[in-house]
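**Q** Spelled out from the first residue to the last, the chains are:
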Amino acid sequence: MSRRNRRVEWFTLAAVCLAVALVPLFYGFRGQVPSTVLKICIYAVMALGLHVVVGLTGLLDLGYVTFMATGAVLTVVSMVAVADPETGTLIIPVGGRSLRGAEHLFHFPGSYLLVLALAGLVCSALGVLRGLPTLHLTGDYYAIVTLGMAEIMYIWYRTAEWTGGPQSLWLNPPDVPTLFGYKLYYDSAIYYFLVLMVFTATIIGSIHLRDSRVGRALSAIRLDPTAAMACGVPVSRYKLTAFAVSGFIGGIGGSLFALWSNGFSAIGMEVWESILLVCCLVLGGIGSVRGALLGSVVLVALGEILRQKVPHYSSGVGLVWKAWPPEARFLFYGLILVALMRFRPAGVLPDRVAGDPFPPELARAWSERATSLFRLGPSRKEASR
Amino acid sequence: MEEFVAHLLNACTLGAIYALIAVGYTMVYGIIKLINFAHGEIYMTGAMLAWWFVTSLGAPLLLATAMSMAGCALVGALLDRVAYRPLRKSGRLAALITALGMSLSLQTLAQLVFGARPKAFPDESIPPFFTSGWKVFGTTLYGKDVAIWAAAAASMAGLDLLVRRTRTGKAMRACSMDPAMAALMGIEVNRVITLTFMIGSSLAAVAGVLYALKVGGNIEPRMGYYAGLLAFAAAVLGGIGNLRGAMLGGLLIGMTQALFAGFVSSQYDFAFAFAVMILVILVRPFGLLGQPEAQRA
Amino acid sequence: MTEKPSLGPATPARPLLRIEKMSHDFGGVRAVRNLTLSIADTEIAALIGPNGAGKTTVFNVVTHLFPPTTGEIYLRLPEGQEALALRHPARSLLEFSLRLPEGQEARITGWRPDQICEAGIARTFQNIRLFRDMTVLENVKLGLHRHTRSGLFSALIRLPSMRREEGEADVAAWKYLSFVGLSSRAHELAGSLAYGEQRRLEIARALATQPRLLLLDEPAAGMNPRETADLMALIQDIRSRGVTVFLIEHHMKLVMQISDRVFVLDHGELIAQGAPDSIQEDPKVIEAYLGG
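Chains as they are written, first to last, in our numbering: chain A, 1 to 385; chain B, 1 to 297; chain C, 1 to 292.
Keep in mind the hints are simulated off the structure, nothing from the lab. One or more hints might be untrue.
To be verified - What the simulated footprint calls covered on chain A by chain B, stretch by stretch (three residues with Cβ under 8 Å from a Cβ of chain B suffice, anywhere in the stretch; the number is not a length): (1) 140–150; (2) 155–166; (3) 328–339.
The C-beta atom is built at its ideal place from N, Cα and C for all residues, glycine as well.
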């Protein structure tokens, strides 16, 4: 990407972050708009996490929801876990029941940051674990295996006792974690800015990663794994790195999502959520950071709009205003996927823009240093490494 | 002993149904190398349409099934024409994403049109033979199981004959080996592909109706998703692209799942089936009857 | 004609690469049979033979795109320098190193392709395998992968050390591009280059890994006479900088003019080796090419 385009890109992304930061000035922290903005930000974080595997490394991961669910359930469970006042054992109050006189186990200053890091690290490990047996898979088989693994995890979360099973685990007001002495309610200022910070950091990290040696190696694996190996890129290790990074971001996103939705419900973490994230990437253009953002904005907003009352045609009555059923959004997601692949497979905002002349200062540097720096054939320095 | 026989009978029935779906998967994959994710949705559509024909038009079950087969064949052909054919030249992932999108759309569409509530064929529409039973090894063998086996066996024998003995079948095999070469030989590849979609879809419709009869209802928009995924597993297990392999794989996957549900845990039977699928892809991606591809750089 | 000792002065005293009794099967078809050959330091060696003789398979096995069915491959480690770390030959992700005495041969059979690259063997491909959607410069920077180190964390927060390294890599990549005469195209997409330029870019990428042995798979294929002449000069220039070249080529004029030693492969078997002159007169070689 040329320098001018890169500058434009930074400017756009800074503007997006600033816009998110300014929303509360007009709408406050409570209500439909800030809540939707937060959801968009969280989904954008997760879409960027998925982008590391799908966009950079070129593996279609259909099971990303596993990280989201794991991050969310870890957060909620650790926040609601209390000690039984009589026996002192760990209890996870399922179905909203609360225990009188029970003490929260994991509430201490800074505990949420710890939980956030933990959610990231556990998902990172999960990503590596999931990646180890699938290192040799590519294309559709990789997609199906990740989908199958996500289904297994989903079935487990839906039936296991500690996740609340088919019931929801709610974050009641006493359970909500605290940060710097403030409660992280889903409509609190501190939560809003926490999400904004994570959002900004993820964007910056994604761009840095793409433009780095690691990102280049991952792209090489996507474009031609054999040639990448012949260039000395240890393909397996880089793939595992990508899985770890991707899982980490997914876990963080899931944790934030748990606070946003004020609890965890395994039923809400179906595989279709990961298809939605894939759809975000496809819409904006697979491999594009700005595209991932655009995709999250459009699709999440679409989902929220469909929850509103829209005109419906009803036979005999004519136009009536009522909300679509919540599943209707998936009809649109599906059609968007089909239409994009057909008409614009590179997405709306594809990333790569080629070509401006070699920066002059570098050419000067070359004439001065090139002769000494690297020479053909192995040098003492390289051989000793 | 009685329990084992009962589970075994169930397992065979489930296996036969999976085999019917898997055949469609494997035929499409064999020719255009696409995991037709929406195939499970066609199976669901088959059951839905048959139910609709029975309840709204009052058609007898057999006629409704035939109509639903025709309807699904149409849906399958449309699916190929609208969604997949424009992508023949693009990558396999683009086609897979399209298949996912179609699957999602069809499923949601069915939900919007028919509602999410599970439906069942009305009792009076089910022939008495289906509910009659005989004592076998201390357990009851129901007519519906026998009917399902017979229907599945007949369809697959017919398909096998079609592919092995007829001109059309020869064209299909040629296309699956090398579409470009087949086209040079004067075979209309796109027509063969459409035909493949139609045959696979109508078999999936049969499977949908049979499943609904077996479990006495449960016709709902989500029924196709898991069934489709497991049928894909069956196709892989048998060696994807291999017709007899898909039949064998379907039987094996269905039996594994049903026996696991019967003896170990009915909560985790799907999880177990998925684990089998993953294991197969990881360990023997070319399947039981398939050949490993020779390594080439 | 009498039997010439065409399998004559076979083994150089201290070979750089030594292939010992190597065979490779493709599902029952024996592509390479019991091949033994050695390449001396800083020579230009050529591997020729009719189509389907198994030449590319030899390269693919040496760079471990697939393992040999039987046989071993040895590479001499740099002399007078601290020895390369010897990698555990397993596919395992854990790498542990052993120190070898100077100038000793390492058994590289079973090393991963990237480890073989690190040991000092680089290659080009018969059907050019560039990263077509990357720029020319980025392609060469990938060749420099093993000689740069910045990892994930320095990338994510963009440490100054990482920026400096990127700058140095740019400079070095630029140098390799000038060497093959492509520096003016540095920011174009690799896929947009002309065929001959793509071949040269692939050579630049391979050189950027700073190999001691460069495997070129049909470098002159599809080139016009002028480009071929340029290529010959380029290969000789590469050798003069201390890089051993082992090439597969059908272009006989090129082979006979620049190579020091020629190996002839037919039906997977080595039927002749020696200086270009002796090869040209070898009856077995003539029969292989004419008699099929």
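**Q** If you check each hint against the structure, which ones fail?
**A** none
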